[in-house]
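Enquirer: Going down the list, the sequences are from chains U and G. With the first sequence counted from 1, adding 983 to any position gets you the numbering used here. With the second sequence counted from 1, adding 983 to any position gets you the numbering used here.
Remember, identical chains collapse to one label, so a pair may be satisfied in a single copy or spanning two.
Using 25 Å as the maximum straight-line C-alpha spacing, the simulated BS3-like pairs for lysine-lysine come out as follows:
1. Lys-1133 / Lys-1098
2. Lys-1053 / Lys-1133
3. Lys-1198 / Lys-1042
4. Lys-1053 / Lys-1042
Think of the hints as simulated: they come from the structure by calculation, not from any bench.
Protein chains: 2
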Amino acid sequence: MSQKPLPKSHPRFSSLSQRHALEAGVKDGITHPTGLIAFGRGEAFDYLLHEKTHPFAQKAIAKAAQEIRKAKNFVISVNGNTSALCPREIVQLARASGGKLEVNLFYRSEERIKKIISALKKSGAKKVYGLKDDARVSGLASDRAKISSKGIGSADLVLVMLEDGDRTEALRKAGKKVIAVDLNPLSRTARKASITIVDNVVRAIPLLTAELKKKGAKSDAAYNNKKILRQAEKAIRKG
Amino acid sequence: MSQKPLPKSHPRFSSLSQRHALEAGVKDGITHPTGLIAFGRGEAFDYLLHEKTHPFAQKAIAKAAQEIRKAKNFVISVNGNTSALCPREIVQLARASGGKLEVNLFYRSEERIKKIISALKKSGAKKVYGLKDDARVSGLASDRAKISSKGIGSADLVLVMLEDGDRTEALRKAGKKVIAVDLNPLSRTARKASITIVDNVVRAIPLLTAELKKKGAKSDAAYNNKKILRQAEKAIRKG
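Chain U on its own, in the form it takes in the complex (with noise of 0.2 Å):
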């Protein structure tokens, strides 16, 4: 991979250059190749909703946030590209919840769950659930099926980022709940969801971590999720 510095004239600049933090990911082999495509997908996503986050994410992230309070056995699930874009987001995150971290990947290797739980552990995390797999998420013929007992074997509610969509609907159809961030409010993962944050997980992650720490903070008790996705599709459709 070119390591060549990005000319700052180029009108994308900021843009490229959260792509050669994913890049790094990847040379790190803390991110798989198609990672860079499901990021790809995130951006073009984003970029129709001018990369802000709007008022149906965070009416999302107050619901997710009451939810993680009620839970008795909160898991926030890590991949590649998490791991590689906000791994100190996703463990302050981890912290303020008082939820655990488990690795779960599409190409799972022992190789890389060991990187990512050490760029995890690199970034203040403690206890990091994933290599060794001794339960399965049935009906997932994937890779993404093996689990921890302790982590999100046991789990009642579970955070994914980034995601394919079978895994979301396994995972419900196992009795848990599911909070989504996905910038695609048409994707399974998306209609799958308990609660789906149409947003980056940049942006996403240090808010819900901050709603945490909000005392008194409330969410919309008649909180549809439905209603949310129509809302975020209203605001990609409408530019």
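The hints should help you fit chain G onto chain U, whose structure is shown.
Expert: Relative to the frame of chain U, chain G by itself:
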């Protein structure tokens, strides 16, 4: 990179297979890793367009074919994504149009250019420009400024696909007509090109070749690229 076969039960099997083709391009040193991000962005827009060629793209293809017939020195600019996605189709277009092929890369290296030239030759290309750069596109800070005087340097019409917008702008300022294939009608490339085909290259390039082979083909005399872009944006927004 994982070579594990993808479970056929995965709901996006076809889409993921395409991604694997691009991944192979990265592995072979043809596609730059950040090219995967650009591909992902395209995927998102294609998704919103229901992965089909719309009438606004067909109109742009008809107009592009007309301009190609009139051109004195038509050059097809090839990068790491397009040569991984549809090398055969690009070579067929060069043959049908009598146009030249030139490799032009953002992350330029002699090694990558040689590999891309080799891939195009395997697909039937005879001469491919780009390895020796003896001319420049003025006003362009990146390595994409490096061109061949016999190729893009003396072209009156250039086809660019999956591009960064500043190059299209610089080519226009250099007095050349530009046909762009870009799934994002809001991008700088789309807005700065003379003719913008808002479609997936994999679908658009064979259609352009077919259009060139048609006898008595005609395009709209009142072709207006801004109108085409408005129609494309409307299709994406409307869904």
